[in-house]
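Trainee: As given, the protein sequences belong to chains A and B, one line each in that order.
Be aware that the first sequence starts at 1, since it is given in UniProt numbering, and climbs by one per residue.
Be aware that the second sequence starts at 1, since it is given in UniProt numbering, and climbs by one per residue.
Hints were generated in silico from the structure; no laboratory data involved.
The beta carbon of each residue, even a glycine, is placed where N, CA and C say it ideally should be.
Treat the hints with care, since some could be wrong.
[To be verified] Sample of chain B residues facing chain A (criterion: CB under 10 Å; computed from the structure):
id, residue
1, R35
2, A39
3, A198
4, Y291
5, A292
[Unchecked claim] The calculated label-pair distances, taken between Cβ atoms and stated as ranges, are:
id, chain 1, residue 1, chain 2, residue 2, range
6, B, Y126, A, R88, 54 to 62 Å
7, A, Q72, B, W114, 23 to 31 Å
8, A, A157, B, T25, 26 to 34 Å
9, B, M149, A, Y95, 33 to 41 Å
10, B, V85, A, K210, 55 to 63 Å
11, B, W152, A, D101, 36 to 44 Å
12, B, G122, A, D101, 40 to 48 Å
13, B, P24, A, H224, 48 to 56 Å
14, B, R35, A, F31, 53 to 61 Å
15, B, Y126, A, L94, 51 to 59 Å
16, A, A196, B, R210, 25 to 33 Å
17, B, R35, A, H224, 56 to 64 Å
18, A, G155, B, K289, 28 to 36 Å
19, B, V23, A, G155, 41 to 49 Å
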Amino acid sequence: MSEQTTTPAGVDESAASSTPMVLAEHVSKSFGSNEVLKDISLEVRRGEVLCLVGPSGSGKSTFLRCINHLEQVSSGRLSVDGTPVGYREVGDKLYEMHPKDAAKQRRDIGMVFQRFNLFPHMTALENVMEAPTQVKRVSKAKAKARALELLARVGLAERADYYPAHLSGGQQQRVAIARALAMDPKLMLFDEPTSALDPELVGEVLDVMKELAKTGMTMIVVTHEMGFAREVADTLVFMDGGVVVETGDPREVLANPQHARTQAFLSKVL
Amino acid sequence: MNDASSGRATTPAPAGGPGAAPVPTKVVRLRHPWRIVVAVLLLAVVAVFIIDAAQREAFDWPNVGKYVFDQRVSQAAGFTLLLTVLSMIIGVVLGVILAVMRQSPNPVLKSIAWVWLWVFRGTPVYVQLVFWGLLSTIYTSIDLGVPFMEPWVSYPTTALLNTFWLAVIGLALNESAYMAEIVRAGLLSVDPGQSEAATALGMSWGKSMRRVVLPQAMRVIIPPTGNEVISMLKTTSLVTAVPFTLELYTRTRDISAAIFTPIPLLIVASIWYLAITSVLMVGQYFLEKRYARGVGARPDTGPGPVTGAMSAVDAEIAETAIAAKHGGDAR
Chain A
1 MSEQTTTPAG VDESAASSTP MVLAEHVSKS FGSNEVLKDI SLEVRRGEVL CLVGPSGSGK
61 STFLRCINHL EQVSSGRLSV DGTPVGYREV GDKLYEMHPK DAAKQRRDIG MVFQRFNLFP
121 HMTALENVME APTQVKRVSK AKAKARALEL LARVGLAERA DYYPAHLSGG QQQRVAIARA
181 LAMDPKLMLF DEPTSALDPE LVGEVLDVMK ELAKTGMTMI VVTHEMGFAR EVADTLVFMD
241 GGVVVETGDP REVLANPQHA RTQAFLSKVL
Chain B
1 MNDASSGRAT TPAPAGGPGA APVPTKVVRL RHPWRIVVAV LLLAVVAVFI IDAAQREAFD
61 WPNVGKYVFD QRVSQAAGFT LLLTVLSMII GVVLGVILAV MRQSPNPVLK SIAWVWLWVF
121 RGTPVYVQLV FWGLLSTIYT SIDLGVPFME PWVSYPTTAL LNTFWLAVIG LALNESAYMA
181 EIVRAGLLSV DPGQSEAATA LGMSWGKSMR RVVLPQAMRV IIPPTGNEVI SMLKTTSLVT
241 AVPFTLELYT RTRDISAAIF TPIPLLIVAS IWYLAITSVL MVGQYFLEKR YARGVGARPD
301 TGPGPVTGAM SAVDAEIAET AIAAKHGGDA R
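The task is simple: from the sequences and hints, build the whole structure.
Mentor: Structure below.
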């Protein structure tokens with residue numbers, strides 16, 4: 001299935017020959033008897049922006065959550081930057097990691113949630129400072145300077161002392177992005193980051209994500225925003241029923257979907 | 001809107017249209033004369049009761065005044081407060097452990113926590129206290145060593161645990177069962193997305209518990225825990241079952257037995273219980289304020305609609321926890 005990942009031009013930076021950022025090989029995932037991912041094989045290169053689209057229940061979010069081990073794969077191999085996630089590879093066996101070691105791996109993977117999940121008892125600034133100070137043991141002063149810089153980058157410098165309950169949805173999601181970036185991740189996962197927002201607030205979040213893509217961040221975005229996919233993504237993956245149906249350059253897939261299921265889906269959302 | 005309605009001839013011209021008659025604006029509120037009547041009646045009853053009580057011989061106010069600041073009584077109040085604080089601290093710590101055990105994936109831990117709750121919640125605290133009093137009869141010595149072998153060290157139980165500590169243990173273990181359910185309700189009230197976000201940031205389970213989940217659970221945990229503290233203060237009057245006799249109620253009973261005046265000393269004890277309760281309530285107020293961060297009003301505006309909805313939900317959860325406790329079983 002790996003031949004499905006076509007290579008879009010002009011993505012690779014210096015790391016052309018290095019290992020892919022995310023490599024999924026025959027990944028399957030079941031909840032009880034319900035198989036939500038079936039033999040997924042995917043490759044995400046450094047600096048690539050990949051958009052995962054598909055109807056709800058197609059397994060997009062589950063796949064994303066498998067990448068940082070919030071869910072465990074049932075079979076197959078899923079590695080980030082050459083290292084299997086949540087497992088230690090010895091010989092031909094994968095040993096499940098202690099949660100503490102798995103937690104260490106997640107430091108390098110930022111995640112942004114549909115419902116923001118900001119910590120409501122902390123201000124925007126404290127939210128962004130929390131992980132660097134608590135997990136990486138960065139000094140308070142350093143973390144604060146960096147947090148203010150990140151908040152300025154997402155356009156919220158003057159909202160640093162506001163609690164999440166006093167920010168709009170779009171502002172909360174931008175703080176959530178800054179919070180994830182504070183750990184200096186090498187990979188960012190976005191789980192429907194604009195689906196819980198009022199339509200007029202979607203743009204401000206997408207703008208921040210576009211800026212982030214320009215800096216060369218590797219991003220995997222589960223989204224229903226086809227405009228964003230067309231403009232920003234290097235690769236578009238269409239999933240349905242737990243399988244990858246179609247993969248390719250977003251402009252081509254959106255304009256000329258090859259698979260009947262993709263055509264049916266796109267005719268409804270575009 | 002005005003332009004539109006004036007253009008439409010068929011619409012009955014509402015007040016406010018151009019050139020319409022001035023709108024009557026005086027609002028006459030509905031009067032409630034019966035409220036005043038009821039209020040006056042009640043105040044009269046209260047006044048009669050107070051005046052009567054002040055003059056009634058049986059209350060023996062001079063003796064109340066004499067004993068309320070008696071050193072034996074204030075010392076007993078100190079013991080009552082100490083019993084309350086110590087057994088609450090142990091009860092809360094054990095309660096948190098039990099609550100976490102009940103969430104554990106390990107079925108043995110889960111069952112042990114469940115059985116603990118079943119036993120300590122299912123039997124009257126008075127009965128438990130009598131049992132603790134008989135501990136030294138059941139286990140005459142406390143041994144350290146390998147089971148069924150000659151112990152390395154052996155202490156007589158009575159030397160290790162006096163009646164005060166037996167009372168503390170008895171109250172604390174009983175309390176832990178109730179606290180476990182209160183803490184569990186608090187943990188369940190926190191959105192699972194919170195610990196997920198903490199996990200995704202690389203926090204360990206313990207860290208996400210300490211930094212993210214517990215501080216939010218506290219808002220739900222504190223009100224029923226305040227209830228528990230006050231309830232504990234009054235339950236200490238039962239430790240005479242152990243028998244520990246230096247706390248407020250037993251001490252005032254002893255004094256009244258010596259001077260043959262039970263009523264004034266009951267009033268003395270009540271005054272002290274009320275005084276301590278009042279102090280504890282003030283403490284609870286400040287604790288609640290501390291953990292309300294992020295849900296209060298924004299510095300520059302009034303409270304948002306989200307805030308109100310959230311605290312309503314929390315209040316509901318807290319009420320459920322209290323109802324589960326007081327409705328389910330008599331202590």
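Trainee: Does each hint fit the structure? Answer for all of them.
Mentor: Hint by hint, here is what the structure shows:
Below 10 Å, beta-carbon pairs count as interface contacts, and R35 of chain B has none with chain A, the closest being about 38 Å; its hint is therefore violated. Of the supplied interface hints, the one on A39 of chain B is violated, with its beta-carbon coming no nearer than about 40 Å to a beta-carbon of chain A, more than 10 Å. Restraint check, A198 of chain B versus chain A: the minimum CB separation of about 8 Å is within 10 Å; hint holds. Evaluation of the Y291 of chain B hint against chain A yields a held restraint, the C-beta minimum of about 8 Å falling below 10 Å.
The beta carbon of A292 of chain B is positioned within 10 Å of a beta carbon in chain A (closest approach about 9 Å), and the interface hint is therefore held. Between Y126 of chain B and R88 of chain A the C-beta distance comes to about 56 Å, which sits within the given range of 54 to 62 Å. For the pair Q72 of chain A and W114 of chain B, the supplied restraint of 23 to 31 Å holds, since their beta-carbon distance comes to about 28 Å. Range check, A157 of chain A to T25 of chain B: Cβ separation about 47 Å, and the 26 to 34 Å hint is violated.
M149 of chain B and Y95 of chain A have their C-beta atoms about 40 Å apart, which keeps the hinted 33 to 41 Å range intact. Range check, V85 of chain B to K210 of chain A: Cβ separation about 58 Å, and the 55 to 63 Å hint holds. Checked against the given bound of 36 to 44 Å, the beta carbons of W152 of chain B and D101 of chain A, roughly 40 Å apart, stay inside it. The given range of 40 to 48 Å is respected by G122 of chain B and D101 of chain A, whose C-beta atoms sit roughly 42 Å from each other.
In this structure the hint that P24 of chain B and H224 of chain A lie 48 to 56 Å apart at CB holds, the actual value being about 53 Å. With their beta carbons about 60 Å apart, R35 of chain B and F31 of chain A fall inside the hinted range of 53 to 61 Å. Between Y126 of chain B and L94 of chain A the beta carbon distance is about 57 Å. The supplied range of 51 to 59 Å therefore holds. Taken as a hint, the range 25 to 33 Å holds for the pair A196 of chain A and R210 of chain B, whose Cβ atoms sit roughly 28 Å apart.
Judged by the Cβ atoms, the range 56 to 64 Å given for R35 of chain B and H224 of chain A holds: they are separated by roughly 57 Å. Taken as a hint, the range 28 to 36 Å holds for the pair G155 of chain A and K289 of chain B, whose Cβ atoms sit roughly 32 Å apart. Distance hint for V23 of chain B and G155 of chain A: a CB-CB separation of about 47 Å, consistent with the stated range 41 to 49 Å.
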